[in-house]
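Chains as they are written, first to last, in my numbering: chain A, 62 to 363; chain B, 253 to 407.
Fair warning: there could be bad hints in the mix.
[As the list claims (entries may be wrong)] Using 16 Å as the maximum straight-line C-alpha spacing, the simulated EDC-like pairs for lysine to aspartate or glutamate come out as follows:
#: 1; chain 1: B; residue 1: K375; chain 2: A; residue 2: D147
#: 2; chain 1: B; residue 1: K397; chain 2: A; residue 2: D147
#: 3; chain 1: B; residue 1: K397; chain 2: A; residue 2: D251
#: 4; chain 1: A; residue 1: K300; chain 2: A; residue 2: E245
[Claimed, not checked] Facing chain A, from chain B, some residues (calculated, C-beta under 10 Å):
#: 5; residue: V272
#: 6; residue: T371
#: 7; residue: F373
#: 8; residue: L393
#: 9; residue: C395
Treat the hints as calculated values from the structure; they're not laboratory data.
Heads up, the beta-carbon is just placed ideally off N, CA and C, and yes, glycines get one too.
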Amino acid sequence: MKPRSLVSIDDLTTEEITKILSLAAEFEKTPVQDILRGKVVATLFFEPSTRTRLSFESAVNKLGGKVIGFTDSSSSSVTKGETLNDTIRTVNNYVDLIVMRHPIEGSARYASEISTVPVINAGDGANQHPTQTLLDLYSILKTQGTLENLNICMVGDLKYGRTVHSLLMAMSRWTTSFNFVAPEELKMPDEYKLYLRNLGLDYYETADLNEVINMADIIYMTRVQRERFSDPMEYEKVKNAYVLHDHMLSETKPGMKILHPLPRVNEISTDVDANAKAYYFEQALNGVYTRQAIICTLLGLK
Amino acid sequence: MKNVDDPKQLLVSAIESGTVIDHIPASTLFKVIKILGLDRIRNQITFGTNLESKTDGKKAIIKIAGKFFEDDDINRIALVAPNAKLNIIRDYQVIEKRVVEVPDTINAIAKCMNPKCITNFEKVTTRFRVVSKKPVALKCLYCEKITDQERLEII
Chain A
62 MKPRSLVSID
72 DLTTEEITKI
82 LSLAAEFEKT
92 PVQDILRGKV
102 VATLFFEPST
112 RTRLSFESAV
122 NKLGGKVIGF
132 TDSSSSSVTK
142 GETLNDTIRT
152 VNNYVDLIVM
162 RHPIEGSARY
172 ASEISTVPVI
182 NAGDGANQHP
192 TQTLLDLYSI
202 LKTQGTLENL
212 NICMVGDLKY
222 GRTVHSLLMA
232 MSRWTTSFNF
242 VAPEELKMPD
252 EYKLYLRNLG
262 LDYYETADLN
272 EVINMADIIY
282 MTRVQRERFS
292 DPMEYEKVKN
302 AYVLHDHMLS
312 ETKPGMKILH
322 PLPRVNEIST
332 DVDANAKAYY
342 FEQALNGVYT
352 RQAIICTLLG
362 LK
Chain B
253 MKNVDDPKQL
263 LVSAIESGTV
273 IDHIPASTLF
283 KVIKILGLDR
293 IRNQITFGTN
303 LESKTDGKKA
313 IIKIAGKFFE
323 DDDINRIALV
333 APNAKLNIIR
343 DYQVIEKRVV
353 EVPDTINAIA
363 KCMNPKCITN
373 FEKVTTRFRV
383 VSKKPVALKC
393 LYCEKITDQE
403 RLEII
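Given only the sequences and the hints, what does the whole structure look like? Please build it.
As structure tokens, this is what we get:
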């Protein structure tokens, strides 16, 4: 039988998502358990992503499993010209589960077709990063107590942001209203807006964060990167318009939380960190529990 | 013998039994031949191209003796010859006419337009879900990007 992999958030039914989130809550209560004793997990990072890799390795270590792998392709056989096919066929002999990060889109789906053990996609180029989406959902559920009837305010680069697209698709399974705050060049692509319209979900677009900030249950911040702009003048004009400062939060909802996939550069001013509404570092911690839940689910251990 | 008085039909000789594929755009004739694997079979095949057509501009026609196609096989040509019409011939008579229809999945014949897709890096058989039939839009099962009619390339 083909092992169960997690390549795209769409691979999971809503019931399965809900189950993973409640399992993550269990791991939050008891993060150190002996469930993975004797199990070996490979972290194959064909491009570096320190945060994601450490989060996975922490998740495995806390459950008593061992981790082997590489942290970027320069230290692996890929530099000798080995194909992904051969790497996966070899490594799946050594381990019980593969966590893979790869710059080429679709590489994770391909690996999951070849592998004899479950594959978790830890990012395939600009395509999918489902464990990020699940930890975002867990953070939203944990702070809001529900995933129903929330207002999600997405800010920054909504055009190229893989995390916001996946989160939008995932949250659209529940009754959600969205506010999209982005400069003209980085607006949410039409295909996602069409998707929401077809589902009858509300969204509103603006270039002014202050206009919608007080409606938000969740503010999801992303980085506005200089290299995304065809015109550098355009970047200079907007770069400060999408920075969150502490003084902007005074009228926001009391239970509102600020999320960010990290790393942050300057889009959230450090004066926000002390505010109880800042949640991005806890969000990173939630990533460990969520990944524990995902690993155990795929291995059929919970 | 049917159509015997039609000089256009006589450009390519009639077959006793087999399949005639008509209304292929002249520009995609060789793609159709490739998709159907006609360059690898031993049947007698005749074809004509750059024939005048009232409806299609320059068209091509293929006659394959002793060969009958399954729907799944023939529908693969819908990507490059959406208006193709099939005449199934027995004893020099057209016993059935068929049109082609774009199938729900397209495997192994189209190229993903995303240069960063794994199918353009390694020997991976391309697989698409058809998200729109007219105009054709294919969603890659690997990178999940859409390849539309304009950017469609046959491998």
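Report task. Return the numbers of the hints above that this structure violates; sort them in rising order. Result -> Violated: hints 2 and 5.
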